[in-house]
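With the hints as constraints, model all of the structure from the sequences given.
Here the protein sequences come in this chain order: D and R.
Take the first sequence: its position 709, counted from the start at 1, is 709 in UniProt numbering, and no numbers get skipped.
Take the second sequence: its position 348, counted from the start at 1, is 348 in UniProt numbering, and no numbers get skipped.
Careful: at least some of the hints might be erroneous.
[Stated by the list, open to error] Calculated lysine to any residue pairs in the SDA-like style (CA-CA distance at most 20 Å, straight line):
id, chain 1, residue 1, chain 2, residue 2
1, D, K772, R, P545
2, D, K772, R, K649
3, R, K649, D, P657
4, R, K772, D, G768
5, R, K316, R, G426
6, R, K307, D, G768
7, R, K618, R, P545
8, D, K767, R, G183
9, R, K772, D, D216
10, D, K71, D, G676
11, R, K772, D, D304
12, D, K772, R, E177
[Stated by the list, open to error] Covered stretches of chain R, as calculated for chain D (at least 3 residues, CB under 8 Å):
id, stretch
13, 181-190
14, 452-461
15, 475-484
16, 497-510
17, 594-603
18, 677-688
By construction, these hints were calculated from the structure, which means they are not laboratory data.
Yeah, the Cβ is synthetic: ideal placement off N, Cα and C, and Gly gets one too.
Protein chains: 2
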Amino acid sequence: MPALTTNNPSSSAASSSSASSSGPAARTTYEPLSSAKGPAGSSNPPRVSLPIPIGNVALNTVNDIEKARSKAAFDPAKIEEVIRDGRIDNESRRKIIKTLDADEVFGDWKKRMLHFNREQQMAMSHKACRRLLDIAERDEWDTQEIIEAAISLDLQSPVTIHWVAFVPVIMSQGSPEQVERWGGRAMNHEILGAYLQTELGHGTNVQGLETLATYDEESDSFDIHSPTLTSTKWWAGGSGLTCTHGIVQAQLYIKGRRYGPHLFFVPMRSLETHEKLPGIVAGDIGPKTYGAFGGLDNGWVRFDHVKIPRDNMLGKHAHVKKGGEYVKPPSDKLSYGGMIFIRSQMIDRTGWMLSRGITIATRYSLVRRQFRDPDAKEGEIERSVLSYPSLNRRLMPLLAKSFAYIIAGRRMRILYEEMASQLESGDTTLLADVHVASSSLKAYCTKQSLDGIEECRQALGGHGFSAYAGFSSLFPDQAPTVTYEGDNYVLCQQVGRAMLKIAGELQRNPQGANVSNTTDFLRALATPNAIPYTAPQTAEEWLRPESWTGALRLRCARRVADLQAEITQAGRRFVDLSWDCVEVAKSHAEIVVNAWFTEGVEGDAQAYGEEASHWLRKIVALNGLTSVARDITPLALPAAEGRELAGYKSGQAVLGPKSVLALEAAVRSLVEEVLGQAIPMCDSFGWSDWELGSSLGRKDGRVYESLMAEAEGNPLNHAPKGNSIDDVGRYTYSAPNGGKYISHTFREELEPLFRAAAARSGEEPIKGSGAKL
Amino acid sequence: MPALTTNNPSSSAASSSSASSSGPAARTTYEPLSSAKGPAGSSNPPRVSLPIPIGNVALNTVNDIEKARSKAAFDPAKIEEVIRDGRIDNESRRKIIKTLDADEVFGDWKKRMLHFNREQQMAMSHKACRRLLDIAERDEWDTQEIIEAAISLDLQSPVTIHWVAFVPVIMSQGSPEQVERWGGRAMNHEILGAYLQTELGHGTNVQGLETLATYDEESDSFDIHSPTLTSTKWWAGGSGLTCTHGIVQAQLYIKGRRYGPHLFFVPMRSLETHEKLPGIVAGDIGPKTYGAFGGLDNGWVRFDHVKIPRDNMLGKHAHVKKGGEYVKPPSDKLSYGGMIFIRSQMIDRTGWMLSRGITIATRYSLVRRQFRDPDAKEGEIERSVLSYPSLNRRLMPLLAKSFAYIIAGRRMRILYEEMASQLESGDTTLLADVHVASSSLKAYCTKQSLDGIEECRQALGGHGFSAYAGFSSLFPDQAPTVTYEGDNYVLCQQVGRAMLKIAGELQRNPQGANVSNTTDFLRALATPNAIPYTAPQTAEEWLRPESWTGALRLRCARRVADLQAEITQAGRRFVDLSWDCVEVAKSHAEIVVNAWFTEGVEGDAQAYGEEASHWLRKIVALNGLTSVARDITPLALPAAEGRELAGYKSGQAVLGPKSVLALEAAVRSLVEEVLGQAIPMCDSFGWSDWELGSSLGRKDGRVYESLMAEAEGNPLNHAPKGNSIDDVGRYTYSAPNGGKYISHTFREELEPLFRAAAARSGEEPIKGSGAKL
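Shown next as structure tokens:
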């Protein structure tokens, strides 16, 4: 038998600092993985059934990741402790994950969901909610803990929507009396709700909604009506099959006059029979793209002159008096609060989603080895693919983005809270700034994160196409974020408009305008030296925070100057500049992310501790520099005539060729430096193997053993036990018929056809089993 | 009742040139769509059951698209006729589509696939193949027609793989004797095959494969063996559950000496019992990401010292004599042919996939109206979203890419044929050039196309998240193309290496080197004025072909000069330049696409006719200019010292600010011009509604009616008829229980829980159905 690989397993194991005597080096055969989950009620851990020599390639993976982990220059737990402390505390979070991981239904849940069809996913979604609520009662979880559990399960269900959309709308938009009337019953699940805003014909353009709420003076009630096909309410989660009540956005009409969209509380299904109430027609809108949201009945709903009491209009801001007098909200701006709230919650969430992708991609790329280095010494094994720049130059910036969006998103939440409490007392100082920043970050971070997740999947090579890579709900679930809560391109145009407005104010009154550190860069348009900047000439100079911060600010100012010139110089209308606004918004978002990420890291520096802070600052630098590198042209290209920033001469670029070369060298050196800490950095996100649901992202590096175990146990290889939904997608390790499943339909459908064709062919038939062909 | 919309349906219908007296303007109620498919055996066309006033928004869509179509400045059929003429002729293609569209199983196939679970998809895949072969026999289709039908169905099945991978490998790599022995039986389906190359531990790095084929002199046979866990064959389509025979790539060892990977014909399952033959262990590897390839049993296979006769090594190029003498192939380069063949087939295919996405996105964006123009006159309706630059500036370049990859891909096939026939006679003149171009285009076009498809989906707004948008198999099926047949990043490095090699040859011997119009731009590194270029100063100047062709060539030369300098100036190793190669390969691919796209359009100019050629030339220009605009920096930034192109002074950029502004203006004017022909351009791809499987991409524009019909008919809204697989996912229009399905699991699982919680809450229980809340 020829020698297969050139490395020596015992020597490589010996070089691993953490290899114990019974460690991986001692194994020669593929063994059961302890994390494999058993069928409900089984007492023995399930075992894979194939005796396979494990071989050096698979053996090495454990050593590789342990070695990388042993070189950690900081304690990942310190970072996890700060950044995970959110809606619930870390201890509660760990308790929840542990409970779900060990649970007989939820332990294998993510894998089994891959095998259910739409109808089964919908049914399982209800079952999962029941079990979640049962566990919550048993273990005394509060609502925030239940929500955290549902999020951990990647569970999109009518009950989840009830908590995250229906209840908050009542609480924030209802009058005190309405909150009392409906809020408690909703929290108790006496009623189950949906939030119906978008329609078949209109989404982001809320003013274009067609559903009518017409005040009828005689009965002192509203008539809720869907006048056209396109006015059909569309998309609302839970509205298709499940919810009992809905908050419906409709155009308010009183005595023939239109007052714009308002919110109405509308009973939809009987609490006694669950039949739809008179005048309501509704159903599920069908499957979602890429199989996303299978357990959620996004619905279509039509109202045929449904009458609701006048008091069912949500009345925190505006209300209608008996007889039809409309009492308008004290300020038009108050209603912005809700949109800003939702967008402000999305930023760190997109960072967390991306962090799942990057954790999987980084861990697998570290332990995956391909191609020997041409300069390798005899006996050296193949290179870790993470050591190739084509991988690490792609992945490390995504690692930086994950931290950036998580930490900047935390700043965003704090700013939102400040703004909201200001608003309560009628103070709108922060409103404009927080509004534009939240639009800017929502549009930028959701798109960067979605692209980044798919980039992580592609970085896995061939196995990235397996569902066991762990991206099957990650990418699809993230997919709608670029359109919902305001289509990103519409938001970009809003950001562009805000930039022009502020720039104009600053040009008119350089000192008086209300700007913050995310908008004061606009002074550069009219004030010479508003952003003092010396172009870095070496990689070292680029590593100073002012180098990237200044470049980001100057670049965005250049983009805004160009946008302005398209109107003043080229005479184009703002409404036709939506494409020009895209780069303005992106470059503005990168200023905000950089500013808030920096503030977040510095603000929590004590909690992180010295070592972790040191490395987080490198991540801040990496994010800043790659943000600059994303779009160099406005810095490298002199401004065209009449588009110069104040103080810059025509024909003068911000960066010369030497600076641009140095920037790439700086990024390269940072990537190489961060690379040595990439595994502990990923560990600091705190994802458990159960949450990731990924064979390739396993914390212990046993990727090949895990893929083999999942593949062997996957239901397609085993005859189904019964017809119950509880058997669908059940992984059966070590079954007597393991790997022996025969595709019945093949034998029934195709084989007879092939035999007949062969008989007709005139060739001499194959004798026997074909083993001698 | 207040007036809802400001437009007047009768006047807008009157302005449509094609509105007939019984046309859309006459409709006031949502009507059944003629394309809805009935259940098997039904004689009446299915009807939607909801009486809904249709409304102006939905009514307008038909007028909008007909109006756009009536403005066609060329005949779309002329283009379709040329570009669709491929493996089969147009008439056969139309016949196949018509047959499948009308077929009781295949008519609703694409929609129903969304509702099957993995096990059901696998079973349905076999059923579909049977029906396909039955139809083929009935209608006398040949093999190419069967393959075309399978592709039209988006059917990834073991039988498809047998045709497109197994049979071609036998034909191209087998000796004449082997082709006779296995080829006919394979064509007849007496045997069903799989092609087993990649393993759990290795993919693109074929040299790293671990499976062994050891020659045993005594028995004059090969011993096929999987020595380690990671040597397990992984991914081969059809190998998991179905195939009877496999072509296995394994490391050939004779008398202890390794000869590298070779191909072996290995019997795997009994033709009599379909049981796996002794020594074979195999199974399905599990679901694929995003639900892709559900009907294909990608497999894992292990060989435990399986003996096959010596003659089972595929012997066209090399063979082993009795006793163990290895007879090597006449040229090492011959084996390149296969890889180049597969890659060369992928280019137009990626264009076709993208063209589906862009057809859907363009049609829907035209008929979708959102927001009124601020300068609109009273009574004007909302703007078509396609008129917004943020949409058309995204979509029109993707339209151009679709044509570019389809037409350049056709040139690629022709060049491959030329090269292959040269190779047959030992002539390798074309080999190097075709090899690098195929790698470059494969890496570039697959990625651009995959990103472009998802971009098209995102451009649809909220409804892009519905499976009825038609992207649920489009994107997932395209997803693996970036890694299979050579990971794109590995290919980019090969392109970079080739560029350096050719550049070096040209520097040593400017006149003698073997270059073509896709590589001779490299002269610019050493020869002054090799690419004569005057930077365009106006949009008009940019519209001349030499402006973008020259810019693309100069840009790539700059990238290669930088790559070279990283080695000679910065002292980095080539193996560490994989990231630097990415932009080199991209910019090279854009030269090739532009050159071949141009040649393709000019070469077929007569067949297209004058009008269509005129518009295709605009598409060539749009693709060329947006390719330049994709990455302006190397043109706008002067070269750093020692990195200048010959004839350029240090500090001198190719393009100044005025040129860059003019470029964007040129793109804008081209986009606006092409926009008026966008609908006929999409029509010229020739996709039928059945093939697109998209409510939003309907040729007649009835998008809202279609979404409503699909949503109403979707199985989740109807109680299932029976337990047979034939009932799964069956759309039930106009059923008596239409829209009245009650989620049984909700009532069983959640409702009792909620009632119990309510009872415990201490609040006064809700009286009645909750309709009064």
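Hint check: R/K649 vs D/P657, CA-CA at most 20 Å. Holds or violated?
holds (13 Å)
20 Å Cα cutoff - pair D/K772, R/K649
violated (71 Å)
Does the alpha-carbon distance linking D/K71 and D/G676 stay inside the 20 Å limit?
At roughly 8 Å apart (the allowed maximum being 20 Å), D/G676 and D/K71 satisfy the hint.
Verify the proposed pairing of D/K767 with R/G183, using a straight-line Cα cut of 20 Å.
At roughly 17 Å apart (the allowed maximum being 20 Å), R/G183 and D/K767 satisfy the hint.
Do at least three Cβ atoms from the stretch 475-484 of chain R come closer than 8 Å to Cβ atoms of chain D?
holds (count 7)
Check of the stretch 452-461 of chain R against chain D for coverage (Cβ-Cβ below 8 Å, three residues minimum)
holds (count 4)
Restraint status (C-alpha distance of R/K316 to R/G426 at most 20 Å):
Distance ~15 Å between R/K316 and R/G426 Cα, so the pair holds.
Does D/G768 lie within 20 Å of R/K772 when you go C-alpha to C-alpha?
Outside the cut-off at roughly 76 Å; violated.
What's the verdict on D/K772 and R/E177, does the C-alpha distance respect the 20 Å limit or exceed it?
holds (15 Å)
Is the hinted pair R/K772 and D/D304 satisfied, with a Cα-Cα distance of at most 20 Å?
Holds - the C-alpha atoms of D/D304 and R/K772 are around 17 Å apart, at most 20 Å.
Pair hint R/K618 and R/P545, alpha-carbon separation not exceeding 20 Å
Satisfied, since the Cα-Cα distance of roughly 10 Å is no more than 20 Å.
Go check the stretch 497-510 of chain R versus chain D for me, would you? Three or more residues, Cβ under 8 Å, otherwise it fails.
Violated - the stretch 497-510 of chain R has 0 residues with a Cβ nearer than 8 Å to chain D, which falls short of three.
When the structure is compared with the earlier hints, violations turn up for hints 1, 2, 4, 16, 17 and 18 and for no others.
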